[in-house]
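Undergrad: As a plain string of letters, each chain reads:
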Amino acid sequence: MKEVKYQDIVNTVAKLCIDANCLIGDDIVNAFKSGLKIEESPTGKDILNQLIENVEISKNEMIPACQDTGVAVVFLEVGSGVKVTGGELFDAINAGVAKGYKEGYLRKSIVSDPLRRKNTGDNTPAFIHTEIVAGDNLKITIAPKGGGSENMSEVKMLTPAAGWEGIKKFVIDRVMRSKANPCPPIIVGVGIGGNFEKVAYLAKKALLRDIGSVHPDPFYAEKEKELVEEINKTGIGPQGFGGRVTALAAFIESYPCHIASMPAAVNINCHAARHKTAVL
Amino acid sequence: MKKITTPLTDAAVQDLKAGDSVLITGIIYTGRDSAHKRLIEALNAKQPLPVDLKGQIIYYVGPAPAKPGYPIGPAGPTTSERMDPYTPALLAYGMKGMIGKGNRTPDVIDALKKYTGVYFAAVGGAAALIAKRIKKCETIAYDDLGPEAIMKLTVEDFPVVVVNDCYGNDLYEEGMKKYRKS
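Heads up: the protein sequence lines correspond to chains A and B, in order.
Just so you know, the first sequence maps onto residues 1 to 280 in my numbering.
Just so you know, the second sequence maps onto residues 1 to 182 in my numbering.
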């Protein structure tokens, strides 16, 4: 049994929230730079340059790259040999989110009820996904997610006959209808399989991958490549002003499913794809 | 690159075409979902607006909190379509421009033609960069709405692109068509 202290979790989560929002990954900046080489639209190139400069300012001054510092989506991998001392695990996560959003001057974007819409004031509750794994580590990933891109996401209960072509059509159609709203260039998370609630989770989890990473299964690696090529033919371009670079990446997560089903989900991320991980 | 100063006249709006890159200097006002709802309620009740929007530009934004020493926190545009139901009435009242991101409804595009208005997009997500062009920020109405309050922003060379001009052109449609590969 390894003991992990409540306060250590609070402090780690607070730092992850701030770092995720202010220190955009090099994989994103490198993708902007690669985009500059293929972008044909002068306005599109100008946008990519502005986004590179924006990330620089954000890093140097430790201010968020985007004002929508999002819902704090938390992925936990809890080793079966981990014992949290001094308080409850989820309380520690929420206390860490509240601390990080206050001390990092991050925007508080959560309302306590979907219809009555009163701001909770500290960006809690976090949206927590937990997996129990072997070992005695506590792995915490924070992936702040903005509203503009989240609103462009969708689940569809396809049937097996739709096949890959059906999934591809669903993904491209979702991107086409989203146009400029999710702040392209985007990253497209695709869930395939599982069931209704599982597939949405898969699409979100897919967004945790770094740009440039290749799917371990060559079958899906090929499909991901195909999706990016198709999306970049749409002409939507950076910010939807027209151009070549609409998606920086497409990532697929798949899971076994029922013989009658083939659920699919698209979770779109803006170019500020934020995620930071720590292991305690 | 065109440069404009607020408030806007009809002539200034007529000079702007979809696709133009523009730098705005002067005063602009923030406003998003809840503030729009209240503005329209005031107009419907024939009450005075807390700020005279004639000739003015509204920026759809909910900034992050300002760090000490900064006039404002990161302040990029939010999605405009949520303000579409309120927009034609504000254009009829005399508002001249809006800054946001994403498509507008045909009703808004028609109202831009009818009342000589313009819709600009700022770069979504470039919030740290955009905030550098905002020199001063004061909350002037609905401060109970927090980041959704109406703020008066003093901006210098604030970078935007014209999406919908007063002639019915739409950069999103035309740009996508131009670069589309079948």
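By construction, these hints were calculated from the structure, which means they are not laboratory data.
In this text, all values refer to a predicted model and were calculated from it rather than measured experimentally.
C-beta: ideal position from N, C-alpha, C; glycine also.
Hints may be right or wrong, so weigh each one.
As the list claims (entries may be wrong) - Chain A side only, calculated, beta carbon under 8 Å to chain B, not exhaustive: (1) Lys5; (2) Lys45; (3) Asn49; (4) Ile63; (5) Cys66; (6) Glu103; (7) Val111; (8) Ser112; (9) Ala200; (10) Gly237; (11) Gly240.
Undergrad: Look at each hint and say if it fits the structure.
TA: Here is what the structure says about each hint:
Taking 8 Å as the C-beta contact cut-off toward chain B, the hint placing A:Lys5 at the interface is violated, the least distance being around 29 Å. Hint status for A:Lys45: violated, given a least beta-carbon distance of 12 Å to chain B, over 8 Å. The beta carbon of A:Asn49 is not positioned within 8 Å of any beta carbon in chain B (closest approach about 10 Å), and the interface hint is therefore violated. With a least beta-carbon distance of about 5 Å to chain B, the hint placing A:Ile63 at the interface is held under the 8 Å criterion.
The closest approach between the C-beta of A:Cys66 and any C-beta of chain B is roughly 5 Å, which is under the 8 Å cut-off, so the hint is satisfied. Checking A:Glu103 against chain B: minimum C-beta separation of about 11 Å lies over 8 Å; hint violated. The beta carbon of A:Val111 comes no nearer than 11 Å to any beta carbon in chain B, farther than 8 Å, and the hint placing it at the interface is violated. Below 8 Å, beta-carbon pairs count as interface contacts, and A:Ser112 has none with chain B, the closest being about 14 Å; its hint is therefore violated.
The interface hint given for A:Ala200 is violated, since its Cβ lies 21 Å from the closest Cβ of chain B, which is over the 8 Å cut-off. Of the supplied interface hints, the one on A:Gly237 holds, with its beta-carbon coming within about 6 Å of a beta-carbon of chain B, less than 8 Å. Given the 8 Å rule on beta carbons, the hint for A:Gly240 holds: about 5 Å separates it from the nearest Cβ of chain B.
Violated hints, in rising order: 1, 2, 3, 6, 7, 8, 9; the structure is consistent with all others.
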